[in-house]
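Student: Residue-level listing of the chains:
Number of protein chains: 2
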Amino acid sequence: MNIPFSKDTVDGVLKRLDIADPSKATIRQMARIAEELETESGQPFIHLEIGSPGLPAQAVGVAAQKKALDAGVANKYPNIMGIQPLKESASRFIKAFVGIDVAPESCISTVGSMMGTFASFMMCCRVNPKKDTVLFINPGFSVQPLQVKILRYKVCDFDVYNYRGAKLKEKMEEILKGGNIAAIVYSNPNNPSWVCLTDEELSYIGELATKYDAIVMEDLAYLGMDFRKDLSHPFEAPYQPTVARYTDNYMLMLSSSKIFSYAGERQAVVAISDKLFHRHYDTLAEEFGIGEFGNAFVYVILYALSSGVSHSGQYALSAMYDAACDGTLDFVTETSEYARRTKIMKEIFVRNGFHIVYDKDLDENVSDGFFFTIGRKGYTGDALVAELLRYGISAISLSTTGSRQEGIRACSSVMTDAQFPVLDERLALFNSNN
Amino acid sequence: MNIPFSKDTVDGVLKRLDIADPSKATIRQMARIAEELETESGQPFIHLEIGSPGLPAQAVGVAAQKKALDAGVANKYPNIMGIQPLKESASRFIKAFVGIDVAPESCISTVGSMMGTFASFMMCCRVNPKKDTVLFINPGFSVQPLQVKILRYKVCDFDVYNYRGAKLKEKMEEILKGGNIAAIVYSNPNNPSWVCLTDEELSYIGELATKYDAIVMEDLAYLGMDFRKDLSHPFEAPYQPTVARYTDNYMLMLSSSKIFSYAGERQAVVAISDKLFHRHYDTLAEEFGIGEFGNAFVYVILYALSSGVSHSGQYALSAMYDAACDGTLDFVTETSEYARRTKIMKEIFVRNGFHIVYDKDLDENVSDGFFFTIGRKGYTGDALVAELLRYGISAISLSTTGSRQEGIRACSSVMTDAQFPVLDERLALFNSNN
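Each protein sequence line maps, in turn, to chains A and B. Take 1 as the starting number for the first sequence in the numbering used here and just add one per residue. Take 1 as the starting number for the second sequence in the numbering used here and just add one per residue.
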């Protein structure tokens, strides 16, 4: 069997799209390359680059949103703090699945976690003029460092691969000692590696954040999706691990995009620790006349960014939180569909001579989940992305995620069962050619 | 008849809310003061401070949004550029009611005009390192200079009251000569004064923007609401006046909040002139790897701010634009309800010894509309706000809008016909006491 796409065909598409190097392509550009090759050849691609929900939006959310529209919310500016029902259900949801207490007041509605992190960077880098740098525990979501860059704050980072357990503490303290770190950012489970920081590691991060007065921005976009444990029972341990158990300096980013497959309506909540919410900063009082962290976040930053979040969509999110807490919407079991697909895909990759790059949480195998990482001996991640394109498989290089490891990020979200044999066939061909 | 609220009562509420001076209160704080006084006394206030839609959301929008939710858009990230149907209907709407050509590509979806202006400030102040200052033709919407302040760019402004006609040209050129102006901002019709710049004045602004390479951000939140002319017929003159006829350096802010009473869903479009959209800036290419103004605006700034706009809401806005273009949704005639109320209210104020502050567009009386301005001999605007509180009337001082005139901003949007006699009675009492 021939390689499905000739070098000339791929090069022609890259040239037409003005993309010099596919390994430097953004997710969006990679999707475009794959689409062009599909159109040109009539052969469908295996899309591993896309991180969109592959499940329908939760029906309880859609119903609540339509009901709110019928009730006439579309002409009313939403409360910038978030509508009260959402604030209350968010607080309840956090108690039910994260196992911590955050008051409704401190649960703030944002236009997706994208706005959540953008606005949080603006706050964290503004409260203390000496702290102008954001520390990323990488790998991560590439748009977050872009946000920091746009805001012209500074970035520093390291790859967590070599710094697990006690080494993480050492590495972080070495950096935090500099006194310039305003915020510490990571996702847990991790996009792209699906590494899940352990409670021991989270305790180091929390304690150091307190010691050096940095704010932890914990991205919980994939809350509950460490499927090695059963995190599906509201108000029952085990809970989603969180740094919030170890420090008061935290902001949790709770996106609805993946847990409720509600990406389209741009709904999220930022949960600020009650203590941080009410903390007074002279710098904020001086600049904006509002000294409290939480109030400045809402009435200055979020007000100025969008003057609130889709009113009907907030009712959707509130209803989904409530259904999850009531046990009528089991989002953990529903999203475990991604893990089922990932398990099959990993097996296909490994059987054809590939390996999992981020394979362990200390001595335990990482969970199957939404994303996973794949490497191939003899290939850099960049070279692997380019070569897989010829086999009709699109992915992004780990080098675009702040990782120092060689490999690709793959996502199982849009894979169908019918595509598994196709993936297997293409990887077998790759294997026989390598 | 006694003054409805004693000085002690008002002072007590102000103290409780920690507001030293009601004339410095934000719109939101003023609403809060009024609510507290209502609760304490059981007497309803006349709310002139609120600028929310007083009409229901356009039904065609609500229906389209619900249909989109039924079709399953809630799980799909919206295109960051804006969904294609919205881009096309926005372009058509601009042709129909503004009478100019902007390609669908250059019509960009934003989370309300609030995000539209925030993102535009970030662009305008970034393309040329020498241009770091935003020029406001005041009075205006107070959150826009706040946005500039948050972004740490510079602000300069003047009050248009003394600079109409040829004087406007002179004044602007004096400022633009400095070479530091990145953007020129005003709303037309004007919030709060309902001044409408004439075509002559807009031509000065446009020509100077071209001459000194500044970008005009024209806020058309109240598009079509100069009710002295009939702007209600799609694709027929007269059209909404615009600077776009006089320069290629423009970004039009098209909010759906007031024209379609759709404030709750945070839907707007920024229409960039096609020439500016495609203009290449080395500064952008260097910083972000994307040199074209329009693409950097979308793929860097808007992507990083919220990763798009409520997917279902975009279908609502698209449907409303189309209905307006088809002549089945006459938003101009519907919003003229605000002008009807304003006409009655102005008459009541004037009959009781008050006057209109911004009264003329050159030699013509300003239109009745959504907002109007009121002064009283012997009172500063700040003092008038404080005194009217005691008569159960809440408004904001013109001093908070960048105006140098003495008076208040009043809005007719939430007034009911039943409240007119109450307003009359309270103002008569004020008049007899002054």
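By construction, these hints were calculated from the structure, which means they are not laboratory data. You may find that some hints are simply not true.
Pairs count within a copy or across copies, as identical chains cannot be separated in the list.
EDC-like cross-link-like pairs, simulated, lysine to aspartate or glutamate; straight-line CA separation at most 16 Å [claimed, not checked]:
id, residue 1, residue 2
1, 130, 282
2, 149, 287
3, 95, 326
4, 177, 18
5, 66, 359
6, 15, 40
7, 149, 286
8, 377, 8
9, 177, 213
10, 377, 406
11, 211, 248
12, 154, 287
13, 24, 387
14, 95, 282
15, 95, 200
16, 211, 40
17, 229, 382
18, 154, 173
As the structure is a prediction and not an experimental result, all values here were calculated from the model.
Student: Next, verify each hint and record whether it holds.
Tutor: Hints and how they fare:
no.	hint	result
1	130 - 282	within (14 Å within a copy, 31 Å between copies)
2	149 - 287	between (22 Å within a copy, 9 Å between copies)
3	95 - 326	within (12 Å within a copy, 51 Å between copies)
4	177 - 18	neither (44 Å within a copy, 39 Å between copies)
5	66 - 359	neither (43 Å within a copy, 44 Å between copies)
6	15 - 40	within (14 Å within a copy, 71 Å between copies)
7	149 - 286	between (25 Å within a copy, 13 Å between copies)
8	377 - 8	neither (25 Å within a copy, 80 Å between copies)
9	177 - 213	within (11 Å within a copy, 46 Å between copies)
10	377 - 406	within (9 Å within a copy, 76 Å between copies)
11	211 - 248	within (11 Å within a copy, 54 Å between copies)
12	154 - 287	between (21 Å within a copy, 14 Å between copies)
13	24 - 387	within (14 Å within a copy, 63 Å between copies)
14	95 - 282	neither (32 Å within a copy, 50 Å between copies)
15	95 - 200	neither (21 Å within a copy, 61 Å between copies)
16	211 - 40	neither (57 Å within a copy, 47 Å between copies)
17	229 - 382	neither (34 Å within a copy, 62 Å between copies)
18	154 - 173	neither (18 Å within a copy, 38 Å between copies)
Comparing the model with each numbered hint stated earlier shows that hints 4, 5, 8, 14, 15, 16, 17 and 18 do not hold.
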